[in-house]
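Peer 1: Between the sequences and the hints, there should be enough to build the whole structure, so can you do that?
In my numbering, the protein residues as written are 1 to 203.
Think of the hints as simulated: they come from the structure by calculation, not from any bench.
Hints may be right or wrong, so weigh each one.
Unchecked claim - Cross-link-like lysine-lysine pairs, in silico, DSS-like; alpha carbons within 30 angstroms at most: (1) LYS19 - LYS167; (2) LYS37 - LYS66; (3) LYS19 - LYS140.
As the list claims (entries may be wrong) - Derived CB-CB ranges, DEER-like: (4) GLY28 - ASN141: 23 to 29 angstroms; (5) VAL168 - GLY142: 18 to 24 angstroms; (6) THR35 - HIS124: 28 to 34 angstroms; (7) GLN134 - PRO42: 30 to 36 angstroms; (8) THR62 - LYS140: 28 to 34 angstroms; (9) GLN29 - ASP125: 27 to 33 angstroms; (10) GLY69 - HIS124: 24 to 30 angstroms; (11) THR21 - ALA135: 35 to 41 angstroms; (12) THR35 - THR62: 20 to 26 angstroms; (13) THR35 - PRO61: 33 to 39 angstroms; (14) SER163 - ASN83: 15 to 21 angstroms; (15) GLY81 - SER38: 32 to 38 angstroms.
Virtual Cβ for every residue (Gly too), placed ideally from N, Cα, C.
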Amino acid sequence: MPLGGMNVDCDGANNSGGKCTNDPSGQGQTAFKDTVKSYGIPDLDANLHSYVVFGNEGAIPTFNPKTAGMEPLSVMAVVCGDNLIYGVWGDTNGADSTGEVSISLATACFPNAGITGNNGHDAHDILYIGFTGQAAVPGKNGAKWDAKSFEEFEASLALIGDSLVAKVPGSMNGTSPKNKGCSSKLRRTNRSRKDQKSWKKSM
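Peer 2: And the structure:
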């Protein structure tokens, strides 16, 4: 599978807050803001929501994930190192190639790498997995859109994410799809699991 790097995106609500203060290209809204507003929040917040910037509109060739069957705000999986982190397809790009995520997701992948709005992860060793069809779309009630932390939002995606990853050829019930032989277990933090259980009880 092709791998990408990890640039940092700060678009959306609070685009100059947190570690996004030095982002040179931040925009005040994401591509699917109108749909997000129908979920009860003004827009995605890169400091809270784990989202992937997927698709490019200005490059040649252009790639629109919708043509492959993906739906806006559907769950995606990001494999960084031995970690599996869930996000949503939350924004689109210009001429850049695949490999950009919200600053909260990038920080979760590389907590000790000094991630900022102007500093990401250059090595092309990240796997981005998109899923097609309505089963991948949490909708208004399938995710904690009004979460107060990255951990709370990401954990709310795990129910759908785990079911989708289990169907990836060679995933072997949560083992890494990027490792040959799929023998390396992916790690999800204890805090994430705790938040997931708490969120599911509130449903």
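Peer 1: Does each hint fit the structure? Answer for all of them.
Peer 2: Against the structure, the hints:
| no. | hint | in the structure |
| --- | --- | --- |
| 1 | LYS19 - LYS167 | violated, 35 angstroms |
| 2 | LYS37 - LYS66 | holds, 20 angstroms |
| 3 | LYS19 - LYS140 | holds, 28 angstroms |
| 4 | GLY28 - ASN141: 23 to 29 angstroms | holds, 27 angstroms |
| 5 | VAL168 - GLY142: 18 to 24 angstroms | holds, 20 angstroms |
| 6 | THR35 - HIS124: 28 to 34 angstroms | holds, 31 angstroms |
| 7 | GLN134 - PRO42: 30 to 36 angstroms | violated, 25 angstroms |
| 8 | THR62 - LYS140: 28 to 34 angstroms | holds, 30 angstroms |
| 9 | GLN29 - ASP125: 27 to 33 angstroms | holds, 30 angstroms |
| 10 | GLY69 - HIS124: 24 to 30 angstroms | holds, 25 angstroms |
| 11 | THR21 - ALA135: 35 to 41 angstroms | holds, 38 angstroms |
| 12 | THR35 - THR62: 20 to 26 angstroms | holds, 22 angstroms |
| 13 | THR35 - PRO61: 33 to 39 angstroms | violated, 26 angstroms |
| 14 | SER163 - ASN83: 15 to 21 angstroms | holds, 19 angstroms |
| 15 | GLY81 - SER38: 32 to 38 angstroms | holds, 35 angstroms |
Checked against the numbered hints above, the structure breaks hints 1, 7, 13 and satisfies the rest.
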